[in-house]
Amino acid sequence: MGNCLKISTSDDISLLRGNDSQISGTQPMYHQGEHYQRELYSSTSASTTRTPSSNNRQLSDENQVKIAKRIGLMQYLPIGTYDGSSKKARECVICMAEFCVNEAVRYLPCMHIYHVNCIDDWLLRSLTCPSCLEPVDAALLTSYDST
Amino acid sequence: MSSLPRRIIKETQRLMQEPVPGINAIPDENNARYFHVIVTGPNDSPFEGGVFKLELFLPEDYPMSAPKVRFITKIYHPNIDRLGRICLDVLKDKWSPALQIRTILLSIQALLSAPNPDDPLANDVAELWKVNEAEAIRNAREWTQKYAVED
Numbered sequence: 001m002g003n004c005l006k007i008s009t010s011d012d013i014s015l016l017r018g019n020d021s022q023i024s025g026t027q028p029m030y031h032q033g034e035h036y037q038r039e040l041y042s043s044t045s046a047s048t049t050r051t052p053s054s055n056n057r058q059l060s061d062e063n064q065v066k067i068a069k070r071i072g073l074m075q076y077l078p079i080g081t082y083d084g085s086s087k088k089a090r091e092c093v094i095c096m097a098e099f100c101v102n103e104a105v106r107y108l109p110c111m112h113i114y115h116v117n118c119i120d121d122w123l124l125r126s127l128t129c130p131s132c133l134e135p136v137d138a139a140l141l142t143s144y145d146s147t
Numbered sequence: 001m002s003s004l005p006r007r008i009i010k011e012t013q014r015l016m017q018e019p020v021p022g023i024n025a026i027p028d029e030n031n032a033r034y035f036h037v038i039v040t041g042p043n044d045s046p047f048e049g050g051v052f053k054l055e056l057f058l059p060e061d062y063p064m065s066a067p068k069v070r071f072i073t074k075i076y077h078p079n080i081d082r083l084g085r086i087c088l089d090v091l092k093d094k095w096s097p098a099l100q101i102r103t104i105l106l107s108i109q110a111l112l113s114a115p116n117p118d119d120p121l122a123n124d125v126a127e128l129w130k131v132n133e134a135e136a137i138r139n140a141r142e143w144t145q146k147y148a149v150e151d
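Keeping their order, the protein sequence lines are chains A and B.
Numbered per this note's numbering, the first sequence spans residues 1 to 147.
Numbered per this note's numbering, the second sequence spans residues 1 to 151.
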């Protein structure tokens with residue numbers, strides 16, 4: 001927890017608002033009266049400069065370097081094929097599809113497994129295991145040091 | 001918008017087939033990423049007896065980023081502000097794609113049982129919660145009766 005106050009004026013509402021416009025024709029989503037709605041919408045318009053999608057497309061140099069480093073690190077995470085053994089997870093928790101025998105899966109240091117595409121997408125955002133939250137890079141860096 | 005990911009379809013089916021006690025989430029008929037949510041106030045909390053409406057939206061890159069959730073029903077709680085926005089770690093930096101709509105709503109229900117005034121989103125509420133908890137709880141009960149109990 002923490003830092004909630006700093007970001008309280010920016011994110012959630014604008015996304016919900018964007019969604020709201022797509023489903024016009026249904027009953028109103030906000031039941032708190034006009035004052036409440038005005039307040040909600042004005043906070044949305046105040047944050048128009050912050051559009052997540054454009055931020056994603058214009059990566060800063062710093063971010064590009066960070067991502068390049070991550071991709072480098074991810075290469076060291078072993079890829080195997082799913083053998084259907086009953087001890088392993090049967091479903092990839094990220095896409096919720098069942099693993100097929102001989103399908104490519106990536107092993108994290110904690111031995112949790114995921115589809116390669118699913119976990120790589122996540123590791124670019126956060127170097128942690130989705131299931132146990134174990135940091136992936138710490139384990140990798142110690143294995144570098146020892147060799 | 002691209003077609004609905006299988007994960008969202010599966011989560012929705014499971015929510016319908018194995019509903020969580022005290023929690024009801026139904027996708028909007030026109031937008032499968034938008035859910036109408038009802039959470040009942042937990043027993044032995046100032047929100048007991050209340051029926052709270054929330055809205056939940058799965059962003060384009062879900063489950064890589066967290067669902068957006070907001071209370072629609074007014075609620076007196078130190079971690080929920082006047083606009084219904086929720087301060088909860090799993091909705092922000094502690095999000096993981098192993099979490100689901102189900103687990104997020106359970107976390108929100110747990111937040112109602114265990115308000116955390118040391119990590120406030122509604123400053124005035126949190127302040128009162130710290131200096132005069134009895135009065136804060138009385139306010140929360142009053143708001144529950146006023147805004148979250150159907151006549």
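Do not take every clue at face value.
[As the list claims (entries may be wrong)] Derived DEER-like restraints, expressed as beta-carbon distance ranges:
| hint | chain 1 | residue 1 | chain 2 | residue 2 | range |
| --- | --- | --- | --- | --- | --- |
| 1 | A | M111 | B | E142 | 27 to 33 Å |
| 2 | B | A114 | A | S60 | 50 to 56 Å |
| 3 | A | Q64 | B | S113 | 32 to 38 Å |
| 4 | B | A110 | A | V65 | 35 to 41 Å |
| 5 | B | K130 | A | M111 | 42 to 48 Å |
| 6 | A | Y76 | B | I9 | 31 to 37 Å |
| 7 | B | V131 | A | S60 | 27 to 33 Å |
| 8 | A | A68 | B | G22 | 56 to 62 Å |
| 9 | A | V65 | B | D61 | 18 to 24 Å |
| 10 | B | S113 | A | V65 | 40 to 46 Å |
[Stated by the list, open to error] Mimicking DMTMM-like on lysine to aspartate or glutamate, the simulated pairs with C-alpha atoms at most 25 Å apart in a straight line are:
| hint | chain 1 | residue 1 | chain 2 | residue 2 |
| --- | --- | --- | --- | --- |
| 11 | A | K66 | A | E103 |
| 12 | B | K94 | A | E103 |
| 13 | B | K146 | B | D124 |
| 14 | B | K92 | A | D137 |
| 15 | B | K94 | B | E60 |
| 16 | B | K92 | A | D120 |
The set of hints was computed from the structure by calculation and includes no laboratory data.
Glycine is no exception: its CB is placed at the ideal position from the N, C-alpha and C atoms.
C-beta pair B/S113, A/V65: status relative to the range 40 to 46 Å that was hinted: 44 Å, holds
25 Å Cα cutoff - pair A/K66, A/E103: Violated, at roughly 29 Å.
Beta-carbon spacing of A/V65 to B/D61 - inside the hinted bounds 18 to 24 Å or not: At 22 Å between Cβs, range holds.
CB-CB spacing for B/E142 and A/M111 relative to the 27 to 33 Å hint: Roughly 51 Å apart at Cβ, these two residues miss the hinted range, so it is violated.
Satisfaction of hint between B/D124 and B/K146, Cα-Cα up to 25 Å: Holds, because 19 Å separates the two Cα atoms, which is no more than 25 Å.
Restraint check for B/K92 with A/D120, where alpha carbons must lie at most 25 Å apart: Satisfied, since the Cα-Cα distance of roughly 20 Å is no more than 25 Å.
B/K130 paired with A/M111, Cβ distance criterion 42 to 48 Å: 43 Å, holds
B/V131 versus A/S60 beta-carbon gap, inside 27 to 33 Å or not: 44 Å, violated
Pair hint outcome, B/K92 versus A/D137 [Cα-Cα no greater than 25 Å]: 21 Å, holds
Restraint status (C-alpha distance of B/K94 to A/E103 at most 25 Å): At roughly 29 Å apart (the allowed maximum being 25 Å), A/E103 and B/K94 break the hint.
Given pair status - B/E60, B/K94, alpha carbons within 25 Å: With Cα atoms ~19 Å apart, B/K94 and B/E60 stay inside 25 Å; holds.
Distance restraint hint 56 to 62 Å, applied to the beta-carbon atoms of A/A68 and B/G22: This hint is violated: roughly 46 Å between Cβ atoms.
In this structure, the earlier hints numbered 1, 2, 3, 7, 8, 11, 12 are contradicted, and the remaining ones agree with it.
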